[in-house]
Amino acid sequence: MIKKMTCIECPKGCRLMVDVRDGKVLKVTGNECPKAELYAISEIEDPARILTSSVLGQGLILKMIPVRTDKPISKARIFDAMKEVKKIRVTVPLKFGDIIVKNFLSLGVNLIATRKAE
Amino acid sequence: MKTYDVAIIGAGVIGTSIARELSRYKLDIALIEKEVELAFGVSKSNSGIIHPGTQNPPGSLKGRLCVQGNTLIRKISKELGVDFKEVGELIVAFDEDDIKELLRLKKEAEVLGVPGLKIVDKKWLEKNEPNLNSAAVCGLYAPTAGIISPYRLVYDLAENAVRNGVKIFTNTKVININRADKYFEINTSSGLFRSRYLVNAAGLFADEISGMLGINDFKIKPRKGEEFILDKKKADLARHLIFPLPSKISKGVLIIKTADGNPMIGPTAEDIEDKEDLSTSDAGINRVLASARRLIPSINDKDIIAYFAGLRPASGDDFIIRHEETCPGFINVAGIQSPGLTASPAIAVLTANILKKNGLWLRKKIIFHAHRKKTVHLFEIQLSKTGSLIKKDHAYGDIVCRCEMISAKEISDAVRRGAKTMDGVKFRTRAQGGRCHGSFCTTRIMKILAEETQMPLIEITKRGKGSEIVKEDRVND
Amino acid sequence: MIKRGLVIVGGGPAGMAAAISAYENGVKDILLLERDQYLGGILNQCVHTGFGINYFKEILTGPEYAERFIEKVKNIPEIEVSLKSIVVSLLPDKTITFLKPGRLETIKAKAIIMATGCREKTREMVHIQGTRPSGIFSAGLAQKLINIEGLLPGKEIVVVGSGDIGLIMARRFTLEGAEVKAIIEIQKKTRGLLRNMVQCVEDFNIPVYFNHKISRIYGKDRVEKVSACKVDDNFNEIQGSLFEIKCDTILMSVGLIPENELIEMTGARIDGNKTSVPGIFMCGNCLKIYDLVDGVTEDSFLTGKLAADYIRVRHPSLQR
Numbered sequence: 001m002i003k004k005m006t007c008i009e010c011p012k013g014c015r016l017m018v019d020v021r022d023g024k025v026l027k028v029t030g031n032e033c034p035k036a037e038l039y040a041i042s043e044i045e046d047p048a049r050i051l052t053s054s055v056l057g058q059g060l061i062l063k064m065i066p067v068r069t070d071k072p073i074s075k076a077r078i079f080d081a082m083k084e085v086k087k088i089r090v091t092v093p094l095k096f097g098d099i100i101v102k103n104f105l106s107l108g109v110n111l112i113a114t115r116k117a118e
Numbered sequence: 001m002k003t004y005d006v007a008i009i010g011a012g013v014i015g016t017s018i019a020r021e022l023s024r025y026k027l028d029i030a031l032i033e034k035e036v037e038l039a040f041g042v043s044k045s046n047s048g049i050i051h052p053g054t055q056n057p058p059g060s061l062k063g064r065l066c067v068q069g070n071t072l073i074r075k076i077s078k079e080l081g082v083d084f085k086e087v088g089e090l091i092v093a094f095d096e097d098d099i100k101e102l103l104r105l106k107k108e109a110e111v112l113g114v115p116g117l118k119i120v121d122k123k124w125l126e127k128n129e130p131n132l133n134s135a136a137v138c139g140l141y142a143p144t145a146g147i148i149s150p151y152r153l154v155y156d157l158a159e160n161a162v163r164n165g166v167k168i169f170t171n172t173k174v175i176n177i178n179r180a181d182k183y184f185e186i187n188t189s190s191g192l193f194r195s196r197y198l199v200n201a202a203g204l205f206a207d208e209i210s211g212m213l214g215i216n217d218f219k220i221k222p223r224k225g226e227e228f229i230l231d232k233k234k235a236d237l238a239r240h241l242i243f244p245l246p247s248k249i250s251k252g253v254l255i256i257k258t259a260d261g262n263p264m265i266g267p268t269a270e271d272i273e274d275k276e277d278l279s280t281s282d283a284g285i286n287r288v289l290a291s292a293r294r295l296i297p298s299i300n301d302k303d304i305i306a307y308f309a310g311l312r313p314a315s316g317d318d319f320i321i322r323h324e325e326t327c328p329g330f331i332n333v334a335g336i337q338s339p340g341l342t343a344s345p346a347i348a349v350l351t352a353n354i355l356k357k358n359g360l361w362l363r364k365k366i367i368f369h370a371h372r373k374k375t376v377h378l379f380e381i382q383l384s385k386t387g388s389l390i391k392k393d394h395a396y397g398d399i400v401c402r403c404e405m406i407s408a409k410e411i412s413d414a415v416r417r418g419a420k421t422m423d424g425v426k427f428r429t430r431a432q433g434g435r436c437h438g439s440f441c442t443t444r445i446m447k448i449l450a451e452e453t454q455m456p457l458i459e460i461t462k463r464g465k466g467s468e469i470v471k472e473d474r475v476n477d
Numbered sequence: 001m002i003k004r005g006l007v008i009v010g011g012g013p014a015g016m017a018a019a020i021s022a023y024e025n026g027v028k029d030i031l032l033l034e035r036d037q038y039l040g041g042i043l044n045q046c047v048h049t050g051f052g053i054n055y056f057k058e059i060l061t062g063p064e065y066a067e068r069f070i071e072k073v074k075n076i077p078e079i080e081v082s083l084k085s086i087v088v089s090l091l092p093d094k095t096i097t098f099l100k101p102g103r104l105e106t107i108k109a110k111a112i113i114m115a116t117g118c119r120e121k122t123r124e125m126v127h128i129q130g131t132r133p134s135g136i137f138s139a140g141l142a143q144k145l146i147n148i149e150g151l152l153p154g155k156e157i158v159v160v161g162s163g164d165i166g167l168i169m170a171r172r173f174t175l176e177g178a179e180v181k182a183i184i185e186i187q188k189k190t191r192g193l194l195r196n197m198v199q200c201v202e203d204f205n206i207p208v209y210f211n212h213k214i215s216r217i218y219g220k221d222r223v224e225k226v227s228a229c230k231v232d233d234n235f236n237e238i239q240g241s242l243f244e245i246k247c248d249t250i251l252m253s254v255g256l257i258p259e260n261e262l263i264e265m266t267g268a269r270i271d272g273n274k275t276s277v278p279g280i281f282m283c284g285n286c287l288k289i290y291d292l293v294d295g296v297t298e299d300s301f302l303t304g305k306l307a308a309d310y311i312r313v314r315h316p317s318l319q320r
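Protein chains in written order, with the working numbering: chain A, 1 to 118; chain B, 1 to 477; chain C, 1 to 320.
Just chain A, same shape as in the assembly (with noise of 0.2 Å):
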């Protein structure tokens, strides 16, 4: 089965044309570039995003301290993700990287600050 899809690793936006079988990507036909294969791979077998948000500080200069996590997480899990993002609240300093939640709801990434929280 031939699955058309939208590659989404740049804004270049490469439409794939994926050949799947039995839920297996045979060939990835359409892209500029190789990343599109193993987006397609990925997306076919266990799509997965970067979760992006932001989380309460608390005796801070900002009050919300932009995060992600350092891999791509399951989709499937974004939604509990964010239940747990809003939990979060973060008391000390942090620099631009620092690792907020270690092995995040034990999916093997890391929840990460993308900014310097004073």
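Note that these hints are calculated values from the structure, not bench results.
It should be emphasised that the depicted structure is a prediction, and the values quoted were computed from it without experimental measurement.
It is possible that part of the hints are untrue.
Using 20 Å as the maximum straight-line C-alpha spacing, the simulated PhoX-like pairs for lysine-lysine come out as follows [to be verified]:
| no. | chain 1 | residue 1 | chain 2 | residue 2 |
| --- | --- | --- | --- | --- |
| 1 | A | 35 | A | 3 |
| 2 | C | 225 | B | 471 |
| 3 | B | 471 | C | 144 |
| 4 | C | 57 | A | 35 |
| 5 | C | 100 | B | 391 |
So, partial list: chain A residues that the calculated Cβ filter (under 7 Å) puts toward chain C [as the list claims (entries may be wrong)]:
| no. | residue |
| --- | --- |
| 6 | 8 |
| 7 | 33 |
| 8 | 50 |
| 9 | 63 |
| 10 | 96 |
For glycine and all other residues, C-beta sits at the position ideal for the given N, C-alpha and C.
With chain A held as given, fit chains B and C onto it using these hints.
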């Protein structure tokens, strides 16, 4: 329970003018308003024109009070520090029939005592109003027309009235009124008030208030007007207020200069039923653009940065200002549509006289504070003056609204002087009223309001309960 | 009057890149004016990813992209940063006046780069009629409320227009637990990037109505609903296609406009990165609207060099 000498229902420009006028005398005065802030009814959508007195039939209350008001407002604006600019108005004629009509208007206005009127020719128009449609053949020029900020006038009148002892009650809706033996019992959403005299300045709802005392011989019919505000960049679009010839029900679509500098085009005039319908329409904007372009063809709809609708509290052809013999002590001040803003100071004096005639003893206070300190608006003053203000108070250099150049100091002052809502801040300062429409400054203004009033951010409203800006704060999760 | 070398108005991605580039091309006296309390401009509220793929060959969030430039600017002593500083006057002789808490300053600059960014079109600019209740936000304001202030503007959202910020905010609201009822786009296809249609809209099954417009907003105190309709090729309503959507919030994402009021004040004409006033330059979104910040950065590096070249020729003493 305290018995006030006079209770006034409605804190628009009429109610506050009457309250301030009466505050010269040794009286206990209560000013009662159903909205969360003053001027949130009819007055908030006023065009801000101080009419010279043209376009009113001779012998009308409107005509007489308009001409008187045009004189009185100058003194009041100086006392209160609200800028009044005498910009003059032009009523424009396009053909022979129009000229006849202009001459008739001129004659009527002269009978009313409107000063300085003259017919100006094409040459004059070309020189003094360069963007005007070149098809205009001549105009009636009335030099005494001017502009004022309608809301700032109300807020400053009220502030001065309070200084002189008037008590203001907002969020106070009248539920019913009883004429007891010696006083009125006014039952409101925030409790019972008693007063010996009662003035009804309830604008759109004046008929309902009057009806509570059994006087049902007039109805307020809302007449909607849609107005469209242009970018301040176009401040020089017109040098005068420009009018077409008036129709039966309105003065037509005008080119309006405003005290804030933004030109405005409108209003439409449409009789409607719903006293709360403030919606604008596609038909309205199309009509206003077409009519305004007949006066100034170069008007670009891309310059429209805001629009709104207001309701004129119309009732018949003239104002209704009278003591009700069947209900002694009750004064109706109703049907105050255009030129109500201009006439407001004269209406206040007339109302005081009516009260006096009906037994209210007007004893002058030994000290009446006629003056208030002018409110600072950075957009009105020279940069050098701004520089020295910033030295005195750093917060003048902290610009919150970048489109209209309004500082944190002006906003916190507005809140300290009574603004409780985002609209209240906008009407007092113009912050959020510019071309970005609050995109950049909303959050900062919310924070200043929250800080000054000790309100949580989620309780900050646009214009009172039900109009909260945001639904949730992460802090409360 | 204080005399300065290069004054740059705006400390977002454009202004920072222009400052770094001017320094690297030899200018030794640079004043960078930023009206906010931080450098970084709008990137600070763009917490999503998608920045830097062209310039850094990495996928970064807005604050991360900004941070790389902020660090660089801070490490160049020749760039003086003045925060909370808003320019209120710009004259053709390159006299520039700005306010900051406690001070009004007027400076005569050798050269000026305008990097003032853009603003969003409002509901009023596209003439959507109806009432004026609370609950109508530009997508960027909603973004600031959620990401910077931690405030959720509403629960049932209709997005007007399919610009990138609108699409990104549709996802953001969904993640925050709000329901995005519709994205209404008057044109045949999205104005945003395709990747945003995928990861912001399709990922969450948000209904998108192309060839549709909002015909009216309802609600007295708070937005209660909108009516929408299908449009023909001239964007006029197709009879019989009107329907209503209940919502408490409307997000406007109908385009961006360069903020050029200061240049207009000088009367100067814009001519690429230059203007008709020699020594006044422009870069970034105040010149033209870029889809990607990477493009802003490149444009601003170029402009920084142009300004440096100008100063080198006219004022050799200002060179390092």
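Against the structure, the hints:
For the given pair, residue 35(A) sits about 17 Å from residue 3(A) by alpha-carbon distance, which is consistent with the 20 Å threshold. About 17 Å separates the Cα atoms of residue 225(C) and residue 471(B), which keeps this hinted pair within 20 Å; it holds. Taken as a hint, the residue 471(B) and residue 144(C) pair is honoured in the structure, with Cα atoms around 15 Å apart against an allowance of 20 Å. Restraint check for residue 57(C) and residue 35(A): the C-alpha separation of about 12 Å stays at or below 20 Å, so the hint holds.
Under the criterion of a C-alpha separation no larger than 20 Å, the hint pairing residue 100(C) with residue 391(B) is consistent with the structure, at around 11 Å. Because the beta carbon of residue 8(A) sits about 4 Å from the nearest beta carbon in chain C, less than 7 Å, this interface hint is met. At about 11 Å, the closest approach between the beta carbon of residue 33(A) and any beta carbon in chain C exceeds 7 Å, and the interface hint on this residue is violated. Look at residue 50(A): its Cβ gets to within about 5 Å of chain C, closer than 7 Å, so that hint holds up.
The criterion of a C-beta within 7 Å of any C-beta in chain C is met by residue 63(A), whose closest approach is roughly 5 Å, and the hint holds. Taken as an interface hint, residue 96(A) checks out: its beta carbon lies about 5 Å from the nearest beta carbon of chain C, inside 7 Å.
Hint compliance for this structure: hint 7 alone is broken.
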